[in-house]
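**Student:** Quick mapping for you: the protein sequence lines, in order, are chains L and G. The opening residue of the first sequence carries number 1 in this note's numbering; numbering runs sequentially from there. The opening residue of the second sequence carries number 1 in this note's numbering; numbering runs sequentially from there.
I should point out that these hints are in silico values taken from the structure, not numbers from a laboratory. In this text the structure is predicted, and so the values were computed from the model without any measurement. Where is the CB? At the ideal position from N, CA and C, for every residue including glycine. Any given hint might turn out to be false.
[Unchecked claim] Only part of the chain G face toward chain L is listed, based on derived beta-carbon distances under 7 Å:
#1 Arg7
#2 Ser29
#3 Leu72
#4 Val73
#5 Pro93
#6 Arg96
#7 Leu97
[Unchecked claim] Computed Cβ-Cβ distance ranges for the label pairs, DEER-style:
#8 G:Arg46 <-> L:Arg88: 17 to 27 Å
#9 G:Arg76 <-> L:Gln78: 45 to 55 Å
#10 G:Glu32 <-> L:Pro106: 29 to 39 Å
#11 G:Phe64 <-> L:Asp57: 29 to 39 Å
#12 G:Ala58 <-> L:Ala107: 29 to 39 Å
[Said to hold, decoys possible] Listing some non-contacts, in silico: residues in chain G with all C-beta distances to chain L over 10 Å:
#13 Ala17
#14 Arg20
#15 Pro42
#16 Asp52
#17 Gln53
#18 Asp57
#19 Gly67
#20 Gln84
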Amino acid sequence: MPKALRVLELFATLHEHRVRYIVIGGIAAALHGSPLMTVDVDICPDTHPANLQRLCDALRAMNARIRTASEDDGVDFQCHPELLAGMRMLNLVTDFGELDLTFEPPAFENGYSDLAPQAVAIPVGSVEVRIAALDNVIESKEQANRPKDRAALPVLYALRDEIAERDR
Amino acid sequence: MVDRPARRPFASLNAGALLREARALAGISQAELAVRIDTTQPVVSRWERGIDQPRVDALARALFACGFSADLVFRRIDDVDRAQIRAQLALTPAERLVASEQMSELVGLASK
């Protein structure tokens, strides 16, 4: 059974460790106003070695373990920057729920540096987080094109229309 | 680095703003754009200020002259519950997160 999400605490832990990242996926969509449900947090971290070290420190603080189908509590691993630098994606379970590190989101092969220019900083709770622009969330889901992405897209298109209408 | 105009819904398309953005990204003047599409600078100026609207083919030519092509994608209007979206938009980002957390908790309880 997936752990219940405690997103604010997860963000607070990343903030405490000064991790640079951009929120992507379902939580980014939810922060933009999507009513779709999501069970995990997806982030795209900056891959600068110093940032990966801070990310490892944050992951240790939230007891991150590698998520597997066979082990409910995940599998222990030794996080270090070199390990993360060689990865495209890492699925984790933490004290605050499931966390996916996505270094190369679909449509954004340079990851953080591709997303950063259009990312939006928003305050949530006591911290400020940077979330991918809604257009980028949509573009990534279009590119990924999995059944769950295709199911989400009509809602995200409608959300974009509603935001445009509201801001007109 | 922004290297192309942002994606936008056709229903809220502002041709003048789009053209201005594309021209700025191309780094060319209204006069230069006018030469490239065989018109005059005042015509380009009136388009960009929204005084006149370019025809769709003229807009496409102007964008091309700025180094861009644009796609128009048709999507079937579906039965998305827009009231639910508006309700979410009325919340603050932090409140939206709390709603996501609550939904996740419900799913967890349901799967027990």
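**Student:** Next, verify each hint and record whether it holds.
**Tutor:** Status of each hint after checking the structure:
1. Arg7: 5 Å, holds
2. Ser29: 25 Å, violated
3. Leu72: Given a least distance of 14 Å, the restraint on Leu72 of chain G is violated.
4. Val73: 10 Å, violated
5. Pro93: 5 Å, holds
6. Arg96: This interface hint holds because 5 Å falls under the 7 Å limit.
7. Leu97: 5 Å, holds
8. G:Arg46 <-> L:Arg88: 17 to 27 Å: 49 Å, violated
9. G:Arg76 <-> L:Gln78: 45 to 55 Å: 50 Å, holds
10. G:Glu32 <-> L:Pro106: 29 to 39 Å: Cβ of Glu32 of chain G to Cβ of Pro106 of chain L: about 37 Å, so the range 29 to 39 Å holds.
11. G:Phe64 <-> L:Asp57: 29 to 39 Å: Because 50 Å falls outside the window, the suggested range is violated.
12. G:Ala58 <-> L:Ala107: 29 to 39 Å: Roughly 30 Å apart at Cβ, these two residues keep to the hinted range, so it holds.
13. Ala17: 12 Å, holds
14. Arg20: The claim stands: Arg20 of chain G keeps its Cβ more than 10 Å from every Cβ of chain L (closest is about 18 Å).
15. Pro42: 28 Å, holds
16. Asp52: 21 Å, holds
17. Gln53: Label holds. Min Cβ-Cβ 17 Å, cutoff 10 Å.
18. Asp57: 25 Å, holds
19. Gly67: 18 Å, holds
20. Gln84: 4 Å, violated
Comparing the model with each earlier hint shows violations of hints 2, 3, 4, 8, 11 and 20; every other hint is respected.
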